[in-house]
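Novice: Here is what each chain is made of, one letter per residue.
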Amino acid sequence: MATVWFVLVAFMLAAYVVLDGFDLGAGILHLFIARTNEERRMVLRAIGPVWDGNEVWLIAGGGTIFFAFPLLYASSFSGFYLPLNMVLWLLILRGIGIEFRMHLDNDVWRDFFDGLFSIGSLLLTIFFGAALGNVIRGVPFQPDHSFFEPLWTNFRPGADAGVLDWYTVLAGAVALIALTVHGANYLALKTEGDLARRSRAAARSLWPLLAALTVASCIATLLVRPQVTTNYTSHPVGFLIPVLVAASLIIMFLAHRTANDRRAFLSSCAYLAFMLVGAAFALYPSVLPSGNPAVDDLTIYNTAAGSYSLTYGVIWWSVGIAIAIGYFVLVYRMFRGKVSLQSGEHGY
Amino acid sequence: MDAAYFIHRLHFGFLITFHYLFPQLTMGLAPLIVVLKTMALRTGNEQYNHAARFWMKIFGINFVLGVVTGIPMEFQFGTNWSRFSRATGGVIGQPLVMEGVFSFFLESAFLGLFLFGEKRLSRVAHWWAGCLVFVGSWLSGFFIITTDAWMQHPVAYTRLPDGSFQVNSFMGLLLNPWAQLQYAHNMSGAVVTGAFVMSAVGAFYLLNRRSEEYGRIFLRVGVIAGFLCSVAQVFPTGDLHGRYLAKHQPVTTAAMEGLFRSEKGAPMVLMGQPDVEKQRIDNPLVVNKVLSFLIYGTTEAEVKGLNEFPREDWPTNIPLLYFAYHIMAGLGTLFIAVMTLALLLLWRRKLYTTRWLLWVIMLCLPFPYIANTAGWLTAEVGRQPWLVYGLMRTNVGYSANVSAGNGLFTLLGFMGLYTVLAIFFLFLVHREIAHGPGIRPNVEPQPITVAGD
Numbered sequence: 001m002a003t004v005w006f007v008l009v010a011f012m013l014a015a016y017v018v019l020d021g022f023d024l025g026a027g028i029l030h031l032f033i034a035r036t037n038e039e040r041r042m043v044l045r046a047i048g049p050v051w052d053g054n055e056v057w058l059i060a061g062g063g064t065i066f067f068a069f070p071l072l073y074a075s076s077f078s079g080f081y082l083p084l085n086m087v088l089w090l091l092i093l094r095g096i097g098i099e100f101r102m103h104l105d106n107d108v109w110r111d112f113f114d115g116l117f118s119i120g121s122l123l124l125t126i127f128f129g130a131a132l133g134n135v136i137r138g139v140p141f142q143p144d145h146s147f148f149e150p151l152w153t154n155f156r157p158g159a160d161a162g163v164l165d166w167y168t169v170l171a172g173a174v175a176l177i178a179l180t181v182h183g184a185n186y187l188a189l190k191t192e193g194d195l196a197r198r199s200r201a202a203a204r205s206l207w208p209l210l211a212a213l214t215v216a217s218c219i220a221t222l223l224v225r226p227q228v229t230t231n232y233t234s235h236p237v238g239f240l241i242p243v244l245v246a247a248s249l250i251i252m253f254l255a256h257r258t259a260n261d262r263r264a265f266l267s268s269c270a271y272l273a274f275m276l277v278g279a280a281f282a283l284y285p286s287v288l289p290s291g292n293p294a295v296d297d298l299t300i301y302n303t304a305a306g307s308y309s310l311t312y313g314v315i316w317w318s319v320g321i322a323i324a325i326g327y328f329v330l331v332y333r334m335f336r337g338k339v340s341l342q343s344g345e346h347g348y
Numbered sequence: 001m002d003a004a005y006f007i008h009r010l011h012f013g014f015l016i017t018f019h020y021l022f023p024q025l026t027m028g029l030a031p032l033i034v035v036l037k038t039m040a041l042r043t044g045n046e047q048y049n050h051a052a053r054f055w056m057k058i059f060g061i062n063f064v065l066g067v068v069t070g071i072p073m074e075f076q077f078g079t080n081w082s083r084f085s086r087a088t089g090g091v092i093g094q095p096l097v098m099e100g101v102f103s104f105f106l107e108s109a110f111l112g113l114f115l116f117g118e119k120r121l122s123r124v125a126h127w128w129a130g131c132l133v134f135v136g137s138w139l140s141g142f143f144i145i146t147t148d149a150w151m152q153h154p155v156a157y158t159r160l161p162d163g164s165f166q167v168n169s170f171m172g173l174l175l176n177p178w179a180q181l182q183y184a185h186n187m188s189g190a191v192v193t194g195a196f197v198m199s200a201v202g203a204f205y206l207l208n209r210r211s212e213e214y215g216r217i218f219l220r221v222g223v224i225a226g227f228l229c230s231v232a233q234v235f236p237t238g239d240l241h242g243r244y245l246a247k248h249q250p251v252t253t254a255a256m257e258g259l260f261r262s263e264k265g266a267p268m269v270l271m272g273q274p275d276v277e278k279q280r281i282d283n284p285l286v287v288n289k290v291l292s293f294l295i296y297g298t299t300e301a302e303v304k305g306l307n308e309f310p311r312e313d314w315p316t317n318i319p320l321l322y323f324a325y326h327i328m329a330g331l332g333t334l335f336i337a338v339m340t341l342a343l344l345l346l347w348r349r350k351l352y353t354t355r356w357l358l359w360v361i362m363l364c365l366p367f368p369y370i371a372n373t374a375g376w377l378t379a380e381v382g383r384q385p386w387l388v389y390g391l392m393r394t395n396v397g398y399s400a401n402v403s404a405g406n407g408l409f410t411l412l413g414f415m416g417l418y419t420v421l422a423i424f425f426l427f428l429v430h431r432e433i434a435h436g437p438g439i440r441p442n443v444e445p446q447p448i449t450v451a452g453d
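Chains A and B, in that order, are what the protein sequence lines are.
As numbered in this note's numbering, residues 1 to 348 make up the first sequence, in order.
As numbered in this note's numbering, residues 1 to 453 make up the second sequence, in order.
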């Protein structure tokens, strides 16, 4: 049952990265590729009806960790105290950046909220990448599985590592470029004119950097945490995952050549999903590895809640998520096609 | 008190107090907007639609702040109260995820359609979108109350050897009797806020002699809803909840009422200042035997005072608890008085011209916020010194690995950020109220949003 919940949590977090990823990426690009007020409104219209729902995957995913793996939730949330609180501040600023901009017809007001939205998106992306880097690298547990990581120490992934070291900064960079490309693919798909053209150009020109960083992060992971290969060698089927990551990248490259926006966007969705699947496959059954040799990893076994709630949970969780997916299908269907400013509706 | 312990309590207390200023209006306005939309559908009078649109704008601004200040709440259990989360995640994690899965997805999907999709949807479909936003916000309230009710009155759990809690009955957790009483009381309180805000804005327009047709609509809907819910706050919800509290947390009742010694035919203290050292109420204004009657239905029953309980089980801040409770109850009484009078004049068709009462209604605007905040303070300060009543003390629940300095750093960060949010909120809501409902001829149409349909 704990394994089922490991898969469900991984699914929710992957859904979060793929879905909120494109609106974070659109936010990063907002200041750079949308130059006029009309273009910026198009960016906001492209994500406006969905960004809040996308973010719910993070809330629901965090809640699911709380419910299914209480010790993991308690240990990691208090251990990553400082970066998590900063993530919260950024989520708040980014949220009002999106929602308050439209209220006043004034350039200074708009520029201020454009700045909040874009800088918030950029920093959040780096933080999320660094967070994933921390989870793969491991954290300095005390014997009771609590820990407290400072923001940085000596930037080396050793025994007294901080949240930021060269490895997690590299992970942050991968996330930044990956989500920027993802957001650019999305904007190319959803918008028209100069904005779409610039989005395509951004995605194309960042592609080589993304490919290089992907390879670099894999090599770095092998150096920092050689144990990640254990599951791959014992279950060679896992080697399919890096193959799929590479295939997604290649399809994205070809789609950029032929200006096939839909295929490019779907391939960046696949790229993100397979990268995360690869990380989850390498970690399992650990959920938070230990950087302290004297203390065990947190695994699904030593953190899971009781079997009664986990068993019942699968029932209501499945019902709830099925309904939620229904809402998403409905909203995305109503909102299909290119966005335009000519609809005469309120908002953004 | 340990410095870190104090900071973590203040951290949670500050964030949740600020957060709840917004959901109470969201949950309170949602049904009232549905009422306005329903009247628009039934009468075909476009004024009701304009009135609904006006409140949807304020609802939208308010909702954004509810969302962005709500996200930290879900994280804070882990960041600041990790030992509590570790022990109770198997129980309270459940309603918290259910909130995300069943209500946040619902709200996020339909709020956008409701606020911005009016032109795209049919009138009936738009009405449904409003209803679903209403249902989503009220479901959200239910799951949060279920979480809090378990901490107040733990049910349906087993305790493992390591001290952690597990659910043993899914329905038992969701049907906690405490949660039902608390939910009824809380939601009615939220509607009181919504109704007073709507009435106050209506009174403001009438006093200003502008947008008067809307001012009358707001007053009519606000006063009727405000009367019903102000009365429901006392009877039956407050009455039932108070008796249940007296049965299961008698020491809290004694501290709330300022009853230091057990008494037969206990009096109710209306005013006075508790002196915990000398164990008495200074400058008391009391009504004899009323407390016994309210709790037990007879004037002679004995009510247990604080002297019956060990000192370490007394609520840790008795004066705060006492004042929070008395402010809540006092304001609740004021709400009934104001709304009863307003309803009477509304029925006699004199409300819209009785300017002194319009002034009173307008000036009452902040009071429901204060009363709701005081009510929650009563519940949560009254629960002390326990995190999980009778089972886990508050001082063993905070994150021992997060120092006071780090806690203060993020608390100050939130205080600064929330000050900015409050300024933006007041500014934007002020703009909407100054702009007023309906179509204003003096506003030039935006060149971009030319109607394409």
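Note that these hints are calculated values from the structure, not bench results.
Please note: incorrect hints may appear among the correct ones.
To be verified - Okay, the calculated beta carbon distance ranges per label pair: (1) A:Pro285 - B:Glu277: 34 to 42 Å; (2) A:Val329 - B:Asp2: 46 to 54 Å; (3) B:Glu308 - A:Pro293: 38 to 46 Å; (4) B:Gly13 - A:Gly193: 48 to 56 Å; (5) B:Gly13 - A:Asn292: 52 to 60 Å; (6) A:Asn292 - B:Glu302: 31 to 39 Å; (7) A:Phe112 - B:Leu10: 28 to 36 Å; (8) B:Ala125 - A:Ala246: 29 to 37 Å; (9) A:Ala216 - B:Phe14: 41 to 49 Å; (10) B:Leu10 - A:Ala159: 31 to 39 Å; (11) A:Thr36 - B:Asn395: 40 to 48 Å; (12) B:Leu391 - A:Pro285: 45 to 53 Å; (13) B:Ala434 - A:Val108: 37 to 45 Å.
Unchecked claim - Selected chain B positions facing chain A (Cβ under 8 Å, derived; list incomplete): (14) Thr38; (15) Arg42; (16) Gly78.
What the hints assert, rightly or not - Under the rule of at most 20 Å between Cα atoms (straight-line distance), these lysine to any residue pairs were calculated in the SDA-like manner: (17) B:Lys119 - A:Trp109; (18) B:Lys119 - B:Gln47; (19) A:Lys338 - A:Asn260; (20) B:Lys289 - B:Asp313; (21) B:Lys289 - B:Met268; (22) B:Lys57 - A:Asn260; (23) B:Lys264 - B:Asn208; (24) B:Lys289 - B:Val251; (25) B:Lys350 - B:Val251; (26) A:Lys338 - A:Arg110; (27) A:Lys338 - B:Leu121; (28) B:Lys119 - A:Tyr348; (29) B:Lys119 - A:Asn106; (30) B:Lys57 - B:Lys350; (31) B:Lys119 - B:Glu46; (32) B:Lys57 - A:Trp109; (33) B:Lys119 - A:Leu341; (34) B:Lys57 - A:Val50; (35) A:Lys338 - A:Thr258; (36) B:Lys119 - A:Arg336; (37) B:Lys119 - A:Thr258; (38) B:Lys57 - A:Gly48; (39) B:Lys57 - A:Gly193; (40) B:Lys57 - A:Trp166.
The structure presented is a predicted model; accordingly, all values stated were derived computationally and were not measured.
Ideal placement from N, C-alpha and C gives every residue a C-beta, glycine not left out.
Novice: Each hint should be assessed against the structure and marked as holding or not.
Specialist: Taking the hints in turn, this is what the structure says about them:
no.: 1; hint: A:Pro285 - B:Glu277: 34 to 42 Å; in the structure: violated (56 Å)
no.: 2; hint: A:Val329 - B:Asp2: 46 to 54 Å; in the structure: holds (51 Å)
no.: 3; hint: B:Glu308 - A:Pro293: 38 to 46 Å; in the structure: violated (54 Å)
no.: 4; hint: B:Gly13 - A:Gly193: 48 to 56 Å; in the structure: holds (51 Å)
no.: 5; hint: B:Gly13 - A:Asn292: 52 to 60 Å; in the structure: violated (34 Å)
no.: 6; hint: A:Asn292 - B:Glu302: 31 to 39 Å; in the structure: violated (58 Å)
no.: 7; hint: A:Phe112 - B:Leu10: 28 to 36 Å; in the structure: holds (31 Å)
no.: 8; hint: B:Ala125 - A:Ala246: 29 to 37 Å; in the structure: violated (45 Å)
no.: 9; hint: A:Ala216 - B:Phe14: 41 to 49 Å; in the structure: holds (43 Å)
no.: 10; hint: B:Leu10 - A:Ala159: 31 to 39 Å; in the structure: holds (34 Å)
no.: 11; hint: A:Thr36 - B:Asn395: 40 to 48 Å; in the structure: violated (57 Å)
no.: 12; hint: B:Leu391 - A:Pro285: 45 to 53 Å; in the structure: violated (31 Å)
no.: 13; hint: B:Ala434 - A:Val108: 37 to 45 Å; in the structure: violated (20 Å)
no.: 14; hint: Thr38; in the structure: violated (21 Å)
no.: 15; hint: Arg42; in the structure: violated (24 Å)
no.: 16; hint: Gly78; in the structure: holds (3 Å)
no.: 17; hint: B:Lys119 - A:Trp109; in the structure: violated (27 Å)
no.: 18; hint: B:Lys119 - B:Gln47; in the structure: holds (17 Å)
no.: 19; hint: A:Lys338 - A:Asn260; in the structure: holds (14 Å)
no.: 20; hint: B:Lys289 - B:Asp313; in the structure: violated (26 Å)
no.: 21; hint: B:Lys289 - B:Met268; in the structure: holds (7 Å)
no.: 22; hint: B:Lys57 - A:Asn260; in the structure: violated (39 Å)
no.: 23; hint: B:Lys264 - B:Asn208; in the structure: violated (54 Å)
no.: 24; hint: B:Lys289 - B:Val251; in the structure: holds (19 Å)
no.: 25; hint: B:Lys350 - B:Val251; in the structure: violated (47 Å)
no.: 26; hint: A:Lys338 - A:Arg110; in the structure: violated (23 Å)
no.: 27; hint: A:Lys338 - B:Leu121; in the structure: holds (19 Å)
no.: 28; hint: B:Lys119 - A:Tyr348; in the structure: holds (15 Å)
no.: 29; hint: B:Lys119 - A:Asn106; in the structure: violated (26 Å)
no.: 30; hint: B:Lys57 - B:Lys350; in the structure: violated (30 Å)
no.: 31; hint: B:Lys119 - B:Glu46; in the structure: holds (14 Å)
no.: 32; hint: B:Lys57 - A:Trp109; in the structure: holds (19 Å)
no.: 33; hint: B:Lys119 - A:Leu341; in the structure: holds (14 Å)
no.: 34; hint: B:Lys57 - A:Val50; in the structure: holds (19 Å)
no.: 35; hint: A:Lys338 - A:Thr258; in the structure: holds (19 Å)
no.: 36; hint: B:Lys119 - A:Arg336; in the structure: holds (16 Å)
no.: 37; hint: B:Lys119 - A:Thr258; in the structure: violated (37 Å)
no.: 38; hint: B:Lys57 - A:Gly48; in the structure: holds (16 Å)
no.: 39; hint: B:Lys57 - A:Gly193; in the structure: violated (31 Å)
no.: 40; hint: B:Lys57 - A:Trp166; in the structure: violated (46 Å)
Hints 1, 3, 5, 6, 8, 11, 12, 13, 14, 15, 17, 20, 22, 23, 25, 26, 29, 30, 37, 39 and 40 from the earlier list are contradicted by this structure; the remaining hints agree with it.
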